[in-house]
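Q: Use the sequences and the hints to build the structure in full.
If you read the protein sequences in the order shown, they are chains B and V. Just so you know, the working numbering puts 258 at position 259 of the first sequence, and the rest follows in order with no gaps. Just so you know, the working numbering puts 59 at position 74 of the second sequence, and the rest follows in order with no gaps.
Derived by calculation from the structure, the hints in this document are not laboratory data. If a hint is listed, it holds; no wrong ones were tucked in.
Under the rule of at most 27 Å between Cα atoms (straight-line distance), these lysine-lysine pairs were calculated in the DSS-like manner:
(1) K299(B) with K54(V)
(2) K224(B) with K147(V)
(3) K136(B) with K218(V)
(4) K0(V) with K290(B)
(5) K54(V) with K290(B)
(6) K290(B) with K62(V)
(7) K217(V) with K136(B)
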Amino acid sequence: MTIQVLETGLQTTVQDLGRMGSRHIGIPQSGSFDYLSAAKANAILNRPINSPVLECTMTGPSLKFMKDMQVCITGAKVNQITIDDSSADQDTLLHLNKGSILSTDLVKENLRFYIAFSESIQATQFLNSVSTYLPAKLGGLNGTTIQKDQIIDFKKTQSEECVGDSSIHMGKKILTSTIRVVEGPEFHLLDMTSSELDDHDFVVSNDSNRMGVRTVGNQMSINDKGSMISKPIYPGTVQCPQDGLPIILGTDAQTLGGYPRIFQVIKADRHLIGQLRPNTNFRFKLASISKAIDAWEVLKKDYPFICEL
Amino acid sequence: MAAKSWVMNFNLHTKISVITEDMLELEFNLDDSNMNQSKLHWYLAEHLLKNQNDIEVIASEEMISVRSKVIPMDIHKIEMTISSFEPSSIDQFDHRLEIPICYEESFANDLEEVSMQLNLSIEEVIAIHSSVIYEVKAIGFTPGFAYLGDIDKKIRVPRLSKPRLETPVGSVAIANDRTGIYCLGGPGGWPIIGATPMNLFNPDDSHSMRLIPGTKAAFKQISMEEFKTMEKK
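A: Right, here's the structure in full:
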């Protein structure tokens, strides 16, 4: 019924697609940062896309299986995945036998990968989601990351064996060099032309986490006196403090904030924020609202399972 | 028929700004000065969530923000939901809550620094902070966090230049014209001047919050002994 954690990885947490409908009381969304990859892993296992997964950041865990199970690994490209001594692939159904050890290591590019299981991880429900919210220790496994030697329990699910959905794209590259945004409500405070923005490189800071992706390097020019009343914010809102270094809010983002909201990442690109790797470059590209709608339609064609979100 | 004419005004003065393919903001210009803006936003947010399960709502001091799960979002549907709101459903009861606060040094990491910045004694800062009846202006930032205002002009300080990574549960903090209580742990950027033993947010029953917009809050200074006794309860 269980798996044992032999190695934890840098920051491995239980996530589903997050908690909705409680943002007005200050509850962040949480959930898989790259929800597209997480949903894809479940879709390949033919499981509901909201099923809990393990989100792994930069390095992943080693897990010992106490029973037969299927898993699927998606998201950032992992250097090496092994089942006992044989190497295994991403984006496909993997069979684990009782006693087998699944090992993952460093990611080669991007940042987060996801492990989905043929059964449901047993974790703490909080407001209709088992997603781990680390700052307040809510949801997940005791509200925190998986621990060495921990036993993770699973709930029995209806179907015994999973039949993978072969219609799902395999091995598609995750490109984070361009993040498409629409103008935010305080865009007018930016002292920059759109061509200046097109040529402006941003570097992902090491100080980034699930609450926000910070940037370092070239500063933007912003006219703000820092006296704004706190305004509504969401994952994908780009705030620009007076230091001119924008912060892209993440899946655990707070619900109100006082820095100018210069951009909002378009829905079709929001999953990419979770894959922005520290010390890599990216650019923002301004899009119109109608382009943003078109982009979502394109994404939906490529990933039909995402419609349920 | 005062309520009805108010409803009409309400509709006439709604400003809708489309922000993105899935977000919009609503601002309400109230003619009725008896209407509490924060309270209106809060009850409207609840009304929207009760009537539409395809949206996320945030009520801030100045506006309501709506995010739709469906793209493109159905603005007309949101407008219709808003027009079905009955302002008379706003709870007119004057909710008051007395919140015990201990300003002892061990809870008040930044009180000394704050008093130095303000050129006031610690006792003066405490006296001014605990003498005002505050009103909840908004709920947000992190779970259950209430923005209470207004702080007396004499004790206004900016946010910390570097936010702390972990704030103890129950910490009472101030920043600019607002004071607030960290109901759950986590990072925080406001200077801490005390703590309350009162549990203001219960994760197991998150919809029964003691502080909601419009609630009046009075702070009562307590000793360390009183804090410990209350904490046990």
